[in-house]
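Chemist: Here are the chains, one letter per residue:
There are 2 protein chains.
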Amino acid sequence: MAATGWPGCANSLKGVILDMCGVLYDSGGEGGDGVAISGSIGAVEKLKASDLQLRFCTNETQATRETFVAKLQRLGFDISVSEVFPPAPAAVAVLKERGLRPHLLVHEGLLPEFDSVDKNNPNCVIIGDAAENFSYQNLNEAFRVLIDLEKPVLLSLGQGRYYKETDGLKLDVGVYMKALEYACDLKGEVIGKPSSMFFQSVLNDMGLQPHEVLMIGDDLLSDVGGAQQCGMKGVQVRTGKYRPSDERHPAVTADGTVDNLAQAVDEILNRRGH
Amino acid sequence: MAATGWPGCANSLKGVILDMCGVLYDSGGEGGDGVAISGSIGAVEKLKASDLQLRFCTNETQATRETFVAKLQRLGFDISVSEVFPPAPAAVAVLKERGLRPHLLVHEGLLPEFDSVDKNNPNCVIIGDAAENFSYQNLNEAFRVLIDLEKPVLLSLGQGRYYKETDGLKLDVGVYMKALEYACDLKGEVIGKPSSMFFQSVLNDMGLQPHEVLMIGDDLLSDVGGAQQCGMKGVQVRTGKYRPSDERHPAVTADGTVDNLAQAVDEILNRRGH
Chain A
4 MAATGWPGCA
14 NSLKGVILDM
24 CGVLYDSGGE
34 GGDGVAISGS
44 IGAVEKLKAS
54 DLQLRFCTNE
64 TQATRETFVA
74 KLQRLGFDIS
84 VSEVFPPAPA
94 AVAVLKERGL
104 RPHLLVHEGL
114 LPEFDSVDKN
124 NPNCVIIGDA
134 AENFSYQNLN
144 EAFRVLIDLE
154 KPVLLSLGQG
164 RYYKETDGLK
174 LDVGVYMKAL
184 EYACDLKGEV
194 IGKPSSMFFQ
204 SVLNDMGLQP
214 HEVLMIGDDL
224 LSDVGGAQQC
234 GMKGVQVRTG
244 KYRPSDERHP
254 AVTADGTVDN
264 LAQAVDEILN
274 RRGH
Chain B
4 MAATGWPGCA
14 NSLKGVILDM
24 CGVLYDSGGE
34 GGDGVAISGS
44 IGAVEKLKAS
54 DLQLRFCTNE
64 TQATRETFVA
74 KLQRLGFDIS
84 VSEVFPPAPA
94 AVAVLKERGL
104 RPHLLVHEGL
114 LPEFDSVDKN
124 NPNCVIIGDA
134 AENFSYQNLN
144 EAFRVLIDLE
154 KPVLLSLGQG
164 RYYKETDGLK
174 LDVGVYMKAL
184 EYACDLKGEV
194 IGKPSSMFFQ
204 SVLNDMGLQP
214 HEVLMIGDDL
224 LSDVGGAQQC
234 GMKGVQVRTG
244 KYRPSDERHP
254 AVTADGTVDN
264 LAQAVDEILN
274 RRGH
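Protein sequence lines, in the order shown, are assigned to chains A and B. So that you can map any letter, position 78 of the first sequence is 81 in the working numbering, and since no number is skipped, the others follow by simple counting. So that you can map any letter, position 269 of the second sequence is 272 in the working numbering, and since no number is skipped, the others follow by simple counting.
Quick caveat, the hints were computed from the structure, so don't treat them as lab data.
Because identical chains cannot be distinguished in the list, a pair is counted as satisfied if it fits within a single copy or across any two copies.
Cut-off 25 angstroms, straight-line C-alpha distance, at most; resulting in silico cross-link-like pairs (SDA-like, lysine to any residue):
| no. | residue 1 | residue 2 |
| --- | --- | --- |
| 1 | 154 | 247 |
| 2 | 190 | 139 |
| 3 | 167 | 141 |
| 4 | 167 | 153 |
| 5 | 167 | 106 |
| 6 | 99 | 112 |
| 7 | 167 | 139 |
| 8 | 154 | 254 |
| 9 | 154 | 255 |
| 10 | 167 | 136 |
| 11 | 99 | 184 |
| 12 | 190 | 246 |
| 13 | 190 | 255 |
| 14 | 190 | 143 |
| 15 | 154 | 165 |
| 16 | 167 | 189 |
| 17 | 122 | 147 |
| 18 | 99 | 203 |
| 19 | 17 | 231 |
| 20 | 49 | 215 |
| 21 | 167 | 138 |
| 22 | 122 | 106 |
| 23 | 167 | 252 |
| 24 | 167 | 249 |
| 25 | 190 | 247 |
| 26 | 190 | 245 |
Sequences are here, hints too, so could you generate the full structure?
Modeler: Shown next, in the form of structure tokens:
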């Protein structure tokens, strides 16, 4: 299919932020590396060869940045740890800033990200995509920490509904955030996309203004809607969790829709006369 | 403490509906019978000796009516199966009426209640208090059934947030209903308290009008609020999941608050000149 729509002002574009799962690769589930999406490895290479700044922004919370980036490198992507922004390091900054000591309901692969954090006598709960760790017992434990706090604080590493692995759809962290919100009659704070604070931390690292940056993702609400809320343009790819109904969503309209990352990068570079 | 407030019109009172867990007994958790709440066995006897009709209305969904009533009898209560109204039989009636074939996410103890129901090629999901069965895998399975349906139907056997067992607070079915609602962007239908349809089925069995019946429970929203919505009076006991903050709840005010069931029954019978 042809690209549908496209953000104007190609000349003001100075940087690109890419979502990862569903844009670069399809997830392989527990233990599997997944597979690169056709054309994405070359598209990242082309962006890196251009004068545009490039960052990767993901709600991945099943592994540390190091493990996650190593997986992408095995798939063939030229990506380094310093270019990748997942929620956990952002959460660690929030914890230290606010003097919070977390009870962690996360995937065991993520635990090392919190090594430097005091977890004694917890005064908040952090949930990530804990997958199999979302047992009844573990959810009860997180619930009891919250219900016993005078001012319960729930930090959620994303608010996704579900994602697709090679063996089927899987429930995402947002579902369990809503469960604990209802159980404790509170509102969780999202760290990760679509939080503007999270996108802003990536823009700060790039040293760019929102209108100078384009976000490309497969999730209409978290990637495109979140970027737009922050003042960026947002383009959706028709890979990953994309659904045709996204193109007539009542609340969020992408600034452009393309078949895949390769097409998006061609559109970007053609408009800049590369 | 003294009783606080009391519904008027003692002479029009013809029946009483009692909640069970937290009013008659405190739950003992997996495998345990729990313990009778002091004075409750005698209070049930007094009501049975009066000219008032008596029914029991519970959101219990971890066991069949037969198993559940046998437990109450072991604790010393004079209760028979025909007097007890839990959500599962009401759900079976709804399934048959609407031609629905359920995927069940319930406690294994409840499964026999659905023996007569066609469960092939499911076109709805029923969740009860599945407890340990609320695993990530089981929740994913229920989610996939719903997300694949053109018109997904989620029936929830209650909407409680949590309950207390002797070893601590446990998450209740409502929390997982909210989780699936968010995952699938739908609204579940509650069968059980506080649904008016559910209370009405008990009133039908009694052959009484709502204003002739008093509901007594420990859950301000499900028991008292639900009964009031249905046109009954609702009295809260200060046992079970009662919290002092219930007495200044912004939305629901009980028609009376008493220390326990024994005090409630004395108030009822004294006012009738027994």
